[in-house]
Structures are given as structure tokens and as C-alpha cells.
Amino acid sequence: MADTLTKDQLLTAYRTMRTIREFEERVHKEFATGEIPGFVHLYAGEEASAAGVCLNLDERDTIASTHRGHGHCIAKGVDVGGMMAEIYGRTTGSCHGKGGSMHIADLSKGMLGANGIVGGGPPLICGTALAAKLKGTGGVSVAFFGDGGSNQGTTLESMNLASVWNLPAIFVAENNGYAESTASTWSVATDNIADRAGAFGMPGVIVDGFDFFAVHEAAREAVARAREGGGPTLIEMKFTRYFGHFEGDQQTYRAQEVAHARAELDCLTRFAAQVTADGSLSAADLAAVDGAVAILIDKAVAEAKAAPLPAPADLLTDVYVRY
Amino acid sequence: MTDSGITSVAMPKWGLSMRSGKITDWVVAEGDPVAPGDDLADIETEKITGTLEADSPGLVRRLIATVGEDVPVGAAIALIAPPDVPDAVLDDLAARARAVIDAGLPEDDGAGPVVETVEAGGRKVSYAGAGDSGDVVLLVHGYGGDRNSWLFLQEPLAARHRVYALDLPGHGTSAKDVGDGSVDLLADAVLGVLDAVGSDRAHLVGHSLGGAVVLAAAARSPGRIASLTLFAPAGFGPSISAGYVRGFAAAQTRRELKPLVGQLFADEQLVTRQVVDDLLAYKRLDGVDAALAALAETLLDGDEQRIDSAAAVRALGEVVPVTVVWGSADRIIPAEQASSVAAVAPGAAVRVIDGAGHMPHMERPAEAQAAVEETIARAG
Amino acid sequence: MPRNLTYREALNEALAQEMERDPSVIVMGEDNAGGEGAPGEDDAWGGVLGVTKGLYHKFATAGLRPVAELMFVDFMGVCFDQIFNQAAKFRYMFGGKAVTPVVIRTMYGAGLRAAAQHSQALYPVFTHIPGLKVVVPATPYDAKGLLIAAIRDNDPVIFFEHKALYDLTGPVPEESYTLPFGEANVVREGSDVTIVTLGRMVHTSLAAADELAASGVSCEVVDLRTTSPLDEDTILESVENTGRLVVVDEATPRCSIATDISALAASRAFGALRAPIGMVTAPHTPVPFSAALEDQYIPDAQRIVNAVKPVAEWRR
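Protein chains in written order, with our numbering: chain A, 1 to 323; chain B, 1 to 380; chain C, 1 to 316.
These aren't lab readings, by the way, just hints derived from the structure by calculation.
Here the structure is a predicted model, which is why all the values come from computation and not from measurement.
Yeah, the Cβ is synthetic: ideal placement off N, Cα and C, and Gly gets one too.
Certain hints may be false.
[To be verified] Pulled a few chain C residues facing chain A out of the computed Cβ check, cut under 8 angstroms: (1) D81; (2) Q82; (3) N85; (4) Q86; (5) Y92; (6) M93; (7) F94; (8) G95; (9) G96; (10) V99; (11) P130; (12) G131; (13) N154; (14) D155.
[Unchecked claim] Calculated Cβ distances over 12 angstroms to all of chain B for the following chain C residues: (15) D167; (16) E211; (17) D260; (18) R316.
Just chain A, same shape as in the assembly (with noise of 0.2 angstroms):
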């Protein structure tokens, strides 16, 4: 698989995964001192979807997120400066702190915004892909939305209005096996979540979530498929997150998958050893990407945590174009 992609995609690739983890360590770590206001949803461990995924798409293309957004938006393009800031809730963040991690957005990179509202996201894509399909410009949308996200009326409406309305619309269910604290076990019905595409007209697939390659093959035949006008598909990662459903969680649901994940499964371990093996990226490659993304995310912290609050008289401002 290594040799189907060049060798800017792979680095492309792990830059992206690579940043994805070292922003939601270090969100992690910032969290527990306490200075990050509210709510946080990291990503760490899954980052394979987003980067598989995203790597096939192009600025034409949009994609709605979840609360657990951090991965969707560094994949897509997301200013990572802008993201951290945001987090902080400082105005010079992507929303200029007025949303906070749960909402991050930035239209002009196609990026929907992540969403507070399990199953928030699946309407929207549908919206931009039919936006997509009147206008002609062969833009497909993503949704990405997680296990508990897949039992949501919306996301059950939305694959169903694709699939009738032929929309260039891919559904990625990310399943890391829990909806907050409910194993998806119990609260999905079926025992896969693609076990539904054929109730809804599309195609289905299950991918390993750690399998980079994988997780782009499966990509870009739905990709594909959505900009040749064939329609809808939904595609399953099956996965695990790293750390709780939200900062703060002490986890006392889980088994103990997360050791095992790290130590066995880890998508970034993996990818590294497939590339290395097969020779398409040497240690030294992967090193430089490591220490850059190492600096970037340091500045980004560095500069969020000195950026200035939103001014009293931004708690008004942007509720309407003009009131």
C-alpha cells in the first residue's frame, strides 16, 4: 500500500498524525493545570481516520466533526496556532474565542466546525453536498461522527436523504467502542455500525481505525465514488481513544484496552514501521517531521497562553450579519 502514495502524501501523512497526537498530549497535559477553560475532547489514538481520510480530499471538499474535533481540523487544515489559541479562549483562537474547542471551525478550509450536539453534524454535510452537486463542482462532504453519534435520528435522516437525493456525501463512523461512558456494544444494535449502510441504500466498510493505509484505501474508493455521482457511503473505523471521553474522565468504564492500544496498535508506530520497512521514508524523515511538529505545537501553546482576551464588547458582536 506504502507505494501507491508519493512521497510528500507520506509525509503529508504522519505530519498529520503526527501533529494530531502531539497537540492532544499536550492539550492533556494543559488541561490538568487547570488553565483551559471548560469542556476538551482529545482525539489521541485515532488519528488515522482523519488523516486517511482527509488526505483525499481537496479544497473543494467540506466535512462536519464531532465534539471530539481536535483531529478533524488539523487534518483539514485548520491554522494549529489559531486552534490552540482558541482552546485558550483567547480572541486571536480560529472563532476568536467566541466558540471554544467544541465548535472550532474555519469555512474557508471546507471545515464545518466541530459540533456540540451528538449527531449535529450529518444534516450539514448534506446541505454542502448538495451545494456541491447544484453547482457542479464535484466537492464531496464528510461527516465524521462517533458510535453513539450512529444511533442519532439525525445521522439515521441524513444517510437516508443521501443516499435518495444521490448526494456526493460519505458518512465515517468512528467507533472507539464507547458513546461517553455506554459500550457501543450494548448501545448499537447491530454488530457493526456499516451493518446499516444497506439499510439506507449505500455501501458499507469496516476498516482498522489504526491502519493508516487502510483507512485511506477505504477513503478513496468513497471519495471516489462520491465525485463520479455514485452516491453515498458509510465507512466504520473501529478503533480506541487514549484518553477519556472528556478531560477530566477518570475512565473507571473501560477496560484496560488502552496500555495494549499504545504498546501494540498505535497508528503512528505502525505507519512508521511500514515506511521505514519498505523504505519510502527513512528514521531521519520522520525525525525532522517529529521535531518540527514539536516546535509548532510549543509556539502555538507559548503564543496562546500570552494572547489577550476577547474585549467586554465581543460578548455582543457577530450574533447576526446585521440586526
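Once you have looked at the hints, place chains B and C on chain A.
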């Protein structure tokens, strides 16, 4: 007046679409003597309020319509007669007149004024006519107005003439695109309507900007013009209320518009809620504010008048009768500019109406009508 | 005088003229075209009460200023997240970087015996949400001008059409025009009592005002036209003049437009008030089915008269 000397005062028709009016106040009481021109009653219609004047002398013997009731146009509302006419005769007439009012408004047969359109200079121009014999008279409103500005004059003049009123581009129901907004472009509309009604000899009446427009039309086609009656015309001096002109184009709300519209009249009471509402509805049509802004720049050079009508009136004043009418209390274009007209057109008749504002054709309709008739008569 | 159209025709004309002017305006909704996919049913409906009839045949292409139909506002529950958590909040949450120019047209109101889940007047719920604009036109003229304004507006607008008004006729200019939001309309001038109202209740209030005039009470009737933004100035100015206020609102009483306007007047025009504020609303119940009950539910002219008289007569 009938042979017996009884004058039946009727609910007047103000405007081609008026079907009924309401008396808001009887100025006279039964027993009062009246002379022509005396105020009889304040009347309110859907479009405007106005004062009905007596046109013959006598004694007010019966008031038939009551304050606040809807009275069909043409129904008798009062009887004026000499003191020797017996009460029994008047009671009988009054009873029958009362029955007409009580019967209510006749069914709307849909035979309202017929609005025609013509393509002039590539633009749709609306106009409506009344009267079926006599010379053609064409009434041209001013900035921000429309053909209904002539509502007190069109029907009375139609008794003896074919009277048309048009909506200039940017106004009424005409196309709202005014192109470069020039007086010449507006004059195209005037000439287009004359073509449409098949007139090769017409009396033109113009108000304010419309005055400059009819002059421009006449200057282009002098052989077609029989006379010119100009009400407070633009182009005869530097002074103008630039604040009014620009303010009217810019106003977005009733609050902003009402005081501006008030400046048009000597008596601001004439500005009813309906008048302001109708203007606001007009301004909210697509393209109107842009048209008014363009026309404002035609009217204004900084804070002064840009148009120069002197040459046109000088040339025409030697050939056709010209009358200029101005209200002495005009707050938009000062009345002293009437003498500038006279200075360049010595044959022009000048009538200054004491106490009227910028809208003498609405504020003093009887005198306005007389001025127009007199000018038409001078044309022979 | 412009020709008369029905309220329904005025809305249809607004949509047609805007779709003609701007290809990015699209209409969406169940049955808006007709029986999609069912042979022989094409354009049979044009929406449940016919508002979009004929548009499907004129405007096959589309773009992206959607005018979506939420058939009955009572159905808001199945799509409310998209309206109040997503569309309403994008601009604010994304720091001013989103523009959501969507119009959601919806039917409201009782009187057709459509019962509890098809008859509510839920504009207070939407008025409460920052980020949404709420429009409630009472006449064909207002309907066309406000719908065109809503389509051209760059914020999400919820456009409320009372089902019982669709056949109401009135003069409507043929040309396109807009009415501004946040401008109430004084539909009747008066000096003794201010009646603030909206939607279908404007007509009921005018009927009550006629009756009250006959007994010597002069009512000023203010039609809100939009509840968000709200024309506070016109309301307060009227209350300053009359000193007496009655709010007439078909919605149920708790957290309604009636309470909202009353609080506004009580806090900002307290010195001018010479009597307690009166409110005429539906009762705090679901809308009943039986005609005998539904007619009691909806405020009628007599109830308004009965509410205004004591306010007019109140003395310390």
C-alpha cells in the same frame, strides 16, 4: 345651480381612483353665508386630506353628510340656496340625498382609471387619462411624486380637456431605472406619452423638477407645445433645499420621512399618515432609492441647483404662453425665483399664491386649476 | 392602486420574483413541488396549502439561499437542533466567520380544527433564540415585502404564516419591494389605549377597535410585523401617548410575546402608564380539536373588547 337657485354641493372626485371620501370637519354650519372660495369642509380620502371650497355664493341651508361617514363621490353632501327657498323643498332634496349616502358605495365595477403604458426611450412609462374632448393637457409631477400628485386637478380639468398625467421614470408604476438621471432622459418620457396619445399640440403642466422636464421637452419639440404652466419649477436660481432633496432619497423610516414631507407644504396638517405610508411604500420598491439618488444629483450641484432652465423658457416664452405659479411660503425652492422666470420671459404670467408652500396644485387646487385654464385660454 | 392578491399569492409572487432575480435562491420542502416521484402528481400540491404552486415548473435550477419549508411549526421538534443549535449559532460560535442566509417558512395558528399538533403559535420559542430573526406578517402586502426581505437577509429567518390568512386579499404592488425588519406598523391610530399585536390577531384587534370606537374608546393598533428584531421605539412611543396598553397574542401565555411586550412597557414606559397592562392570549392548554372548544381557545374580538374596557376605564 338649479333654476330654483339651489346648489347641491357634491363629494368631489380627487384623483382618478377616488370612490368615496369622509368629512372630517364641517367648517360651515347651517345658516352661514358663503362666497366662492370659502372653505366648506375638510375631507379625507384614502390618499390625502383636503378642503372643499364653495364655488358659488349663497346660504348654507342643509348639511347632509355627517362627520366620519363614507360618502360616495358625487353624492350631495350639502345644499346651498338663497333664504327664500322653502324648507319643504330643501327637506325633500336632503332626504333623497341622505338615501343615496345611506345606500352606500356602489359595487366596484372595476372601471377605475385605465392606466396605459408606453415604451419611451426604452423605458416603460405609465400614464392615465381623463376627459374625452378638447385639447390635450399633460401633467408632469416633481421629484418623488407621481401622477396622483394631480388628484385635485385632473378630474376638474377633464371636464373641458383630454387630461393625462404620467409617472416619470423612477416614479409611480413606470420603470425605475433612470439611466443617467438627466432632464433630457425624463423629457423622453414626456414626448413618448404625447406620441402615444397621438398629440401634435399639447399643453404641458410641470411641477418642480417636472417643470424643468416640460421645458426641456418643449425646447426639443417646440412646434408640439401649445402652452406651459410651471408650478415652482426647477432651474431658475441657485437656491434649493438640498437637505430636503437628499434627505428624501436617503430616508428609510416613517420617522425620517414625515418631517421631510412636511416641508413640502405650508400647512403640515396636510401630511396624513396615509401620505407618508404611500411614500414609504413607493421608496421601498426595488430601484427607487437608487433612482432618487441619481435624480438628486441632477437637481443639485453641491447645495445649489444644477439645472438651468433659463435658456429654454427664454426661447419658448416668445412663442407659447407661459405661466409660472409659486407658493409664497415655498420652503423647497423660494418663490422669488418666479421673478427670474419673468426676467427671462417677459411675456410670462406670474402668479404667486399667498400662503401656499411648494405644492400649490395640492394646497390651493382652485387657484391652480384657474391658472392652468387661463394659460390654456391664452394659447387660443 | 395596486391589484389585489391573496396572502398566499403574495408569498408565491415574492418567491417567484426572488428566484428570478437571484439563481442562488432555492425552495425546499415536503410536497413543495408536488408528489415527487409519483407519476401524474407533478406539482399537484405546491405545498400543503398551495403557497409554492407553479414554482417548480419555472425554476428547475437552483443555488444556495435556501427557502426551506417547515410545514407546520408544530413539527419543529424533529429538526429543531439544526435551527437553534446550528444555524442560529454558526455566526457567533465561529467568531463572525459564517453567514447562514436561510429562510424557514412555516405555518402557525389555530382555527382550522387541525388539533393540538398542527395549530400552535410557537414564535415565542424562536424569538427567544439569539441568532434567529422572526417574522410574522399580517397582510398580503406585508407578506410579500417581508418575504423578499427575508430572502435577501443574510441571517437565518423564521417566517411565520398563519394558516387562516392565506385567503385574505389586499393590494400588492407588482414590482418587488422590501419591508425592513424591526419596524412595527401602526395600522390604526388612536388616543386612549394601545393594542400591540401580531399576525392574525391584527385583524381581530382591528375588529375589536371598531367596536370600542362605537363606545367612545379610541384604540391605537400596533402590528409588530417582526418579533426579532423588535421595534421597541414604536411600541414605547405609542404607550407614552396613550398611557394604556393591551397586548393581544394568539400564543399561549407563559413566556410569550404578550409577556415580553408587557415587560418592555413596564420597565421602559412606567411613568407613562396610567393603568395595569392587559394581556389577551390563548389559555395555557394545547389547542383543542372540537370546534366549540377551539373557538373558545382563540382570542376573539369580544375578548379583546372585554380586556380593553377595564384598562381604558381604570383610575387610581
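Checked hints:
1. Using the Cβ-Cβ criterion of 8 angstroms, the hint placing D81(C) at the interface with chain A is satisfied: the shortest such distance is roughly 5 angstroms.
2. Restraint check, Q82(C) versus chain A: the minimum CB separation of about 5 angstroms is within 8 angstroms; hint holds.
3. The criterion of a C-beta within 8 angstroms of any C-beta in chain A is met by N85(C), whose closest approach is roughly 5 angstroms, and the hint holds.
4. Nearest Cβ of chain A to the Cβ of Q86(C): about 6 angstroms, under the 8 angstroms cut. The hint holds.
5. The interface hint given for Y92(C) holds, since its Cβ lies 5 angstroms from the closest Cβ of chain A, which is under the 8 angstroms cut-off.
6. Against a cut-off of 8 angstroms between C-beta atoms, the interface hint on M93(C) holds, since the closest Cβ of chain A lies about 4 angstroms away.
7. At a threshold of 8 angstroms, the smallest CB-CB gap from F94(C) to chain A is about 5 angstroms, leaving the interface hint in force.
8. A hinted interface residue such as G95(C) counts as satisfied when its beta carbon comes closer than 8 angstroms to some beta carbon of chain A; here the least separation is about 3 angstroms, so the hint holds.
9. Interface restraint check: G96(C) against chain A, minimum CB-CB distance 4 angstroms, threshold 8 angstroms, status holds.
10. The criterion of a C-beta within 8 angstroms of any C-beta in chain A is met by V99(C), whose closest approach is roughly 6 angstroms, and the hint holds.
11. A distance limit of 8 angstroms between C-beta atoms decides the matter here; for P130(C) the minimum to chain A is near 5 angstroms, and the interface restraint holds.
12. A distance limit of 8 angstroms between C-beta atoms decides the matter here; for G131(C) the minimum to chain A is near 6 angstroms, and the interface restraint holds.
13. A least Cβ separation of about 4 angstroms between N154(C) and chain A falls short of the 8 angstroms threshold, and the interface hint therefore holds.
14. For D155(C), the interface hint holds, the least distance from its beta-carbon to any beta-carbon of chain A being 5 angstroms, beneath 8 angstroms.
15. Non-interface status of D167(C) relative to chain B is upheld: no Cβ of that chain comes within 12 angstroms, the nearest being about 19 angstroms off.
16. With a least CB separation of 16 angstroms from chain B, E211(C) remains clear of the 12 angstroms interface cut-off, as annotated.
17. With 12 angstroms as the threshold on Cβ separation, the claim that D260(C) sits away from chain B holds: the shortest Cβ distance comes to roughly 22 angstroms.
18. Annotated as non-interface, R316(C) keeps its C-beta farther than 12 angstroms from every C-beta of chain B; the closest such distance is 32 angstroms.
Checked against the numbered hints above, the structure breaks none of them.
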